[in-house]
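> Read top to bottom, the protein sequences are chains A and B.
What the first sequence shows, in numbering that gives the first Met the number 0, is residues 0 to 340, in sequence order.
What the second sequence shows, in numbering that gives the first Met the number 0, is residues 0 to 339, in sequence order.
Just so you know, not all the hints are guaranteed correct.
[Unchecked claim] Computed list of lysine-lysine pairs in BS3-like fashion (alpha-carbon distance at most 25 Å, straight line):
1) A/246 / B/269
2) B/202 / A/268
3) B/153 / A/268
4) B/287 / B/269
5) B/268 / A/246
6) A/268 / B/287
7) B/10 / A/268
8) A/296 / B/199
9) B/268 / A/268
10) A/268 / B/244
[Claimed, not checked] Each pair of labels, with its calculated beta carbon distance range:
11) A/295 / B/153: 48 to 54 Å
12) B/146 / A/87: 50 to 56 Å
13) A/295 / B/124: 42 to 48 Å
14) B/86 / A/23: 52 to 58 Å
15) B/131 / A/36: 57 to 63 Å
16) A/245 / B/260: 20 to 26 Å
17) B/82 / A/23: 54 to 60 Å
18) B/114 / A/279: 23 to 29 Å
19) B/110 / A/304: 38 to 44 Å
20) A/128 / B/62: 50 to 56 Å
Derived from the structure by calculation, the hints contain no laboratory data.
Even for Gly, the Cβ is constructed at its ideal location relative to N, Cα and C.
For reference, the chains in residue letters:
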Amino acid sequence: MTTKPLLKVKGLKKYFPVKKGLLAKTVGYVKAVDDVSFHVNEGETLGIVGESGCGKSTTGRMLMRLLDPTEGTVEFDGKELTALSSEEMRKTRRDIQMVFQDPYASLNPRHTIERILSEPLLVHGVKSAKERKEKVHQFLEIVGLSAYHAKRYPHQFSGGQRQRIGIARALMTNPKLIIADEPVSALDVSIQAQVLNLMQDLQQEFNLTYIFIAHDLGVVRHISDRVGVMYLGKMVEVAESEALYAKPLHPYTQALLSAVPVPDPNFSKEEVFLEGDMPNPANPPTGCTFHTRCPFKMDICSQVVPQLTELEEGHSVACHLYNETSDNDIKKMEGSLYAKG
Amino acid sequence: MDNRKTILDVKDLQTTFFTDSGEIPAVDHVSFHVKEGEVLGIVGESGCGKSVTSLSIMGLVPNPPGKIVGGEIVFDGQNLIGVSERKMRQVRGNDIAMIFQEPMTSLNPLFTIGNQMVEAILIHEKKWSKKQAQERAIEMLKLVGLARAEDLMKEYPHQLSGGMRQRVMIAMALVCDPKVLIADEPTTALDVTIQAQILKLMKDLNVRLNTAVLLITHDLGVVAETCERVIVMYSGQIIEEAPVKTIFESPKHPYTKGLIQSVPDMRYKKDRLYSIAGNVPIPGSIKKGCRFAARCEFAFDRCLQENPELYETSDVQKTRCFLYDENEVGANDDKAVVES
Numbered sequence: 000m001t002t003k004p005l006l007k008v009k010g011l012k013k014y015f016p017v018k019k020g021l022l023a024k025t026v027g028y029v030k031a032v033d034d035v036s037f038h039v040n041e042g043e044t045l046g047i048v049g050e051s052g053c054g055k056s057t058t059g060r061m062l063m064r065l066l067d068p069t070e071g072t073v074e075f076d077g078k079e080l081t082a083l084s085s086e087e088m089r090k091t092r093r094d095i096q097m098v099f100q101d102p103y104a105s106l107n108p109r110h111t112i113e114r115i116l117s118e119p120l121l122v123h124g125v126k127s128a129k130e131r132k133e134k135v136h137q138f139l140e141i142v143g144l145s146a147y148h149a150k151r152y153p154h155q156f157s158g159g160q161r162q163r164i165g166i167a168r169a170l171m172t173n174p175k176l177i178i179a180d181e182p183v184s185a186l187d188v189s190i191q192a193q194v195l196n197l198m199q200d201l202q203q204e205f206n207l208t209y210i211f212i213a214h215d216l217g218v219v220r221h222i223s224d225r226v227g228v229m230y231l232g233k234m235v236e237v238a239e240s241e242a243l244y245a246k247p248l249h250p251y252t253q254a255l256l257s258a259v260p261v262p263d264p265n266f267s268k269e270e271v272f273l274e275g276d277m278p279n280p281a282n283p284p285t286g287c288t289f290h291t292r293c294p295f296k297m298d299i300c301s302q303v304v305p306q307l308t309e310l311e312e313g314h315s316v317a318c319h320l321y322n323e324t325s326d327n328d329i330k331k332m333e334g335s336l337y338a339k340g
Numbered sequence: 000m001d002n003r004k005t006i007l008d009v010k011d012l013q014t015t016f017f018t019d020s021g022e023i024p025a026v027d028h029v030s031f032h033v034k035e036g037e038v039l040g041i042v043g044e045s046g047c048g049k050s051v052t053s054l055s056i057m058g059l060v061p062n063p064p065g066k067i068v069g070g071e072i073v074f075d076g077q078n079l080i081g082v083s084e085r086k087m088r089q090v091r092g093n094d095i096a097m098i099f100q101e102p103m104t105s106l107n108p109l110f111t112i113g114n115q116m117v118e119a120i121l122i123h124e125k126k127w128s129k130k131q132a133q134e135r136a137i138e139m140l141k142l143v144g145l146a147r148a149e150d151l152m153k154e155y156p157h158q159l160s161g162g163m164r165q166r167v168m169i170a171m172a173l174v175c176d177p178k179v180l181i182a183d184e185p186t187t188a189l190d191v192t193i194q195a196q197i198l199k200l201m202k203d204l205n206v207r208l209n210t211a212v213l214l215i216t217h218d219l220g221v222v223a224e225t226c227e228r229v230i231v232m233y234s235g236q237i238i239e240e241a242p243v244k245t246i247f248e249s250p251k252h253p254y255t256k257g258l259i260q261s262v263p264d265m266r267y268k269k270d271r272l273y274s275i276a277g278n279v280p281i282p283g284s285i286k287k288g289c290r291f292a293a294r295c296e297f298a299f300d301r302c303l304q305e306n307p308e309l310y311e312t313s314d315v316q317k318t319r320c321f322l323y324d325e326n327e328v329g330a331n332d333d334k335a336v337v338e339s
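Bound-form chain B, shown alone (with noise of 0.2 Å):
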């Protein structure tokens, strides 16, 4: 059994955006765990708010239109939602740190590598002297793999290649020694080989540091190349959970199976790729039954009118789906079909 500490603890979460049409639950009820040292990746296609729940971790969430509404986000003990932002600016970068998509928009164009790198560190540092930072910031570079460290230092954000950006941000939020990465589709906008390295520093890294990876992505690959446990989510909820390769060996949702069949494999080719049918929801859209209903292939009326709850389908594997609600009559015919 996994006997590492629970870092950060994520209870109920509900962060809902009030917009002229409406209120949209963005994220919904989402509860889980991240342990010391863990990569867990969140996974889903877009609008199933895998990155609000990130933003609503660092308390980034826009407010207006964005509000986080219930639940608690523990870390290390604390419960996050509701302290000063000065308390909260703390536990960024500190703690808890963030990479995102495009480093590009992450990096400020008007000043150099060098002066973004020491200001983040003087930040958390308040003791440090200026050279100290400097000494700190070259050694981060030379630690995520950037040759040129000292040069680097002194050249602006456009002299660098999206990967070099990357691995610049990485350094950055790192430099304090943060026991939790939050890292949102960090490989997405860059090359194949490229994507490769990153994927490979972040590991690296993982089990040098200690650093629990919070990994969002919406490629099933990644996740399998660098997660140990996984999240599904769709339209605001999390639909299942369970280990990297349960997931891949016997996912038990049938929108989890829907997705892992629908990507063509590079290794063989299939002759016709599965689709689930119609189209992803928009968030808040449905409002009663279980959001997949209305693609699913499986669907009864139960859950045309309720919505599932997350059954315990073993002692680490969870899946929100009537099928594995054991009271369910008739529910065992058709669990066997999804099955097999």
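Chain A with its partners taken away, still in its complex shape (with noise of 0.2 Å):
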């Protein structure tokens, strides 16, 4: 695998305003995504994770400009998309494309597949309808599904069926970036399985790059190379996807991991409880957001944000019990969850 970045993100913000009163004068400001920063190589498959609320599908959307970031650079193949105008921008989201969580809500319910699936081709500049009509057939066959399922509407189709409708539509341009924002989550077990093998054969013969946003922990182990977690607009761990699951460094990565249900009665897992809910974003505590919930909790925690420093390689984590000016605690905890299982 080449290890060439595709994608370079760095300090990506989002701050949405609140806005109150008659005036609508701003008093605050959600800060959905807060100086997050990250890589994709070409080839891999980078998980998002992490529960609602979390920034994960913001941080989604601004990489495709579907939203503009507050601050932060988004670079994509060696360009600055944060830079570009919106005519520019148009032109590079043929190389990245979208697959939805909801395939009912993202398909045109008036539309036959052929218009939604010729819809990017047209829009990208494929002027004859013979070869619309001819690549819509050979993606649909691509997808698993046939021909002659271009003539009807999303409602005459299933929701894995409609998944498969969404992916063939992400792929119609030949991108090189797939940001899928929990594309399995509404889908059945047996069909979830289906749709995420279906990426990955694709993924092999277009050679693509995906992010894969999604809150399943299994789902995100099974399909990524590397994993980055997120925690209330902040990425808190990054690593390769068998490192972070066999050696969680983050007491909420830790926690979050040991919560997922296993489904074998015989397996007995160390359990984190994890206290309360997750803090209204509008107003995160200070320091690490994380320190109101986590069990380490320390004096420096509610004064000071940890930073994302490599600790092994290829092994990010922001957490100040990991600094080494910090009391040596660590032994304690690095017995992992899962290294036993």
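Now that you have both chains on their own, put them together as the hints suggest.
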């Protein structure tokens, strides 16, 4: 695998203003994404996990500039996306496509599948109708449907088939990067496995790079080469998928992994229960945003924001426990949750 | 052997929806029982009839178009089908309570938590004063782990997080000390860390109050961690029943096996997921033969012609598959393959 980064994100921020009163005065900001940096290599899958409200979807949308970042840079294939005009950005989007969670809401119910799949071709300048039609038929078959499905409407398909159509639409323009935002979470287990397998096959066939945003840690492990964990608008840990699941470093990652129910009644895991709920992103805690729920909280945590630092090769974590200055309680925690299993 | 008393006995339940496009047997001859203090899981994919089964027990199937057309639901010796609405109202809450997937839609946004809890208590405990009811409500809120119980009584549902709302629902459901709690996808709308909290709470309460729990879910992980016994449903029928360990260690039905294999496991990476071909059938669309035959890799002629019955493969395990019919010639060869 090449290790050339296809996408480099630096200091990405998105603050949504909170407006109040008659004059809609801005009284504060919801820091949906707050200083997130990561990169994605060509041909790999980066999984982004986190609970609702952690900013994972907002991050995905900013990469496509469906939302404009408040601050930060997104470098794709050597181009700085945040500096492009909207016309240039539109052209660039043929290389970055998106697959959405709800395949029904993202397909126009009044259009036939042929029209839905032709649209990206029209937008990106495929003028010949015959060529478009051929391509639609070709891609329907690639995603496991048949050419005759082109004449049907979205409501005539099951959830899994609709998601196949959503994937076909993303593939129509021959993209390099696909951002998949919870692509399988609306599907039944047996159908979810089909769609995940399809996505893996397509990645091989078309040398695609994926950013796979999901809340299901099992699914993310299955499909990702590297995984980033987000909490309250920040990336708290990034690592190779094997390393992250075998030896999670951040207390939040540890709790998250321990919370996932394992489909094996004989498996007993070390349980780390988190108290309380995720704080309100409009009024995040000072210092480390996780300190209100962290079982290993120290004095420094409520004062200083920990920076994402590389601890081992390719394994970065944002936590004061791993700072040399703080007392070394790390040993206690390192006996990982899953190394034994 | 388990000698706890059977508290809820569902016998041959049939619930059918009468629609313009025909009759849809959403629950098709379903029989099972729940023992006192037991946690029974019903697992299946969308449209398998697991939710309609629970609504049938509560007498909450929307009618029309739905109707219970046959069978018995025996709670503590009494058949609940056909009893008056008045009697049913006493059963709900007092004897059998239910919590739902989305707690926000089950709480009234216009009334405070205290208001709604007190109302629920006073409906069932007519002799109580309002003050008594309030005290009981606060006690219940504390029982489900809500620290600021007194303040919460004055708050509205929108002021609570999803996990707190689900705790309030559980408190409300348990306020009259029911014998059975039906939980329909209670944690599906919640984040994993909150899900872990709620599942732990439900297990604790099950032990402390000896309330039997009928847990309806699509998540095999949740089943493995909480249930004692499991029923697997597919297209309106029970296709397998066994203790939780048996289901995961030696599933018999090809669908159960496929389902377990298609879940990505967080503990290790599989190169490729097993996937069951085809789609989840629309309820009522398969009229003849085994409901799973079209997606089953082991299907033979008989599967397309007849619907198999539930065969007992051991004292505690039953499965709806011809591979386990002892009279089936040649089934043993295939069975060896399925079990390998």
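> Are the hints correct? Go through all of them and say.
Cross-check of the supplied hints:
{"no.": "1", "hint": "A/246 / B/269", "verdict": "holds, 18 Å"}
{"no.": "2", "hint": "B/202 / A/268", "verdict": "holds, 16 Å"}
{"no.": "3", "hint": "B/153 / A/268", "verdict": "violated, 39 Å"}
{"no.": "4", "hint": "B/287 / B/269", "verdict": "violated, 36 Å"}
{"no.": "5", "hint": "B/268 / A/246", "verdict": "holds, 15 Å"}
{"no.": "6", "hint": "A/268 / B/287", "verdict": "violated, 44 Å"}
{"no.": "7", "hint": "B/10 / A/268", "verdict": "violated, 38 Å"}
{"no.": "8", "hint": "A/296 / B/199", "verdict": "holds, 24 Å"}
{"no.": "9", "hint": "B/268 / A/268", "verdict": "holds, 18 Å"}
{"no.": "10", "hint": "A/268 / B/244", "verdict": "holds, 16 Å"}
{"no.": "11", "hint": "A/295 / B/153: 48 to 54 Å", "verdict": "violated, 35 Å"}
{"no.": "12", "hint": "B/146 / A/87: 50 to 56 Å", "verdict": "holds, 54 Å"}
{"no.": "13", "hint": "A/295 / B/124: 42 to 48 Å", "verdict": "holds, 46 Å"}
{"no.": "14", "hint": "B/86 / A/23: 52 to 58 Å", "verdict": "holds, 55 Å"}
{"no.": "15", "hint": "B/131 / A/36: 57 to 63 Å", "verdict": "holds, 58 Å"}
{"no.": "16", "hint": "A/245 / B/260: 20 to 26 Å", "verdict": "holds, 22 Å"}
{"no.": "17", "hint": "B/82 / A/23: 54 to 60 Å", "verdict": "holds, 57 Å"}
{"no.": "18", "hint": "B/114 / A/279: 23 to 29 Å", "verdict": "holds, 25 Å"}
{"no.": "19", "hint": "B/110 / A/304: 38 to 44 Å", "verdict": "holds, 41 Å"}
{"no.": "20", "hint": "A/128 / B/62: 50 to 56 Å", "verdict": "holds, 52 Å"}
Comparing the model with each numbered hint stated earlier shows that hints 3, 4, 6, 7, 11 do not hold.
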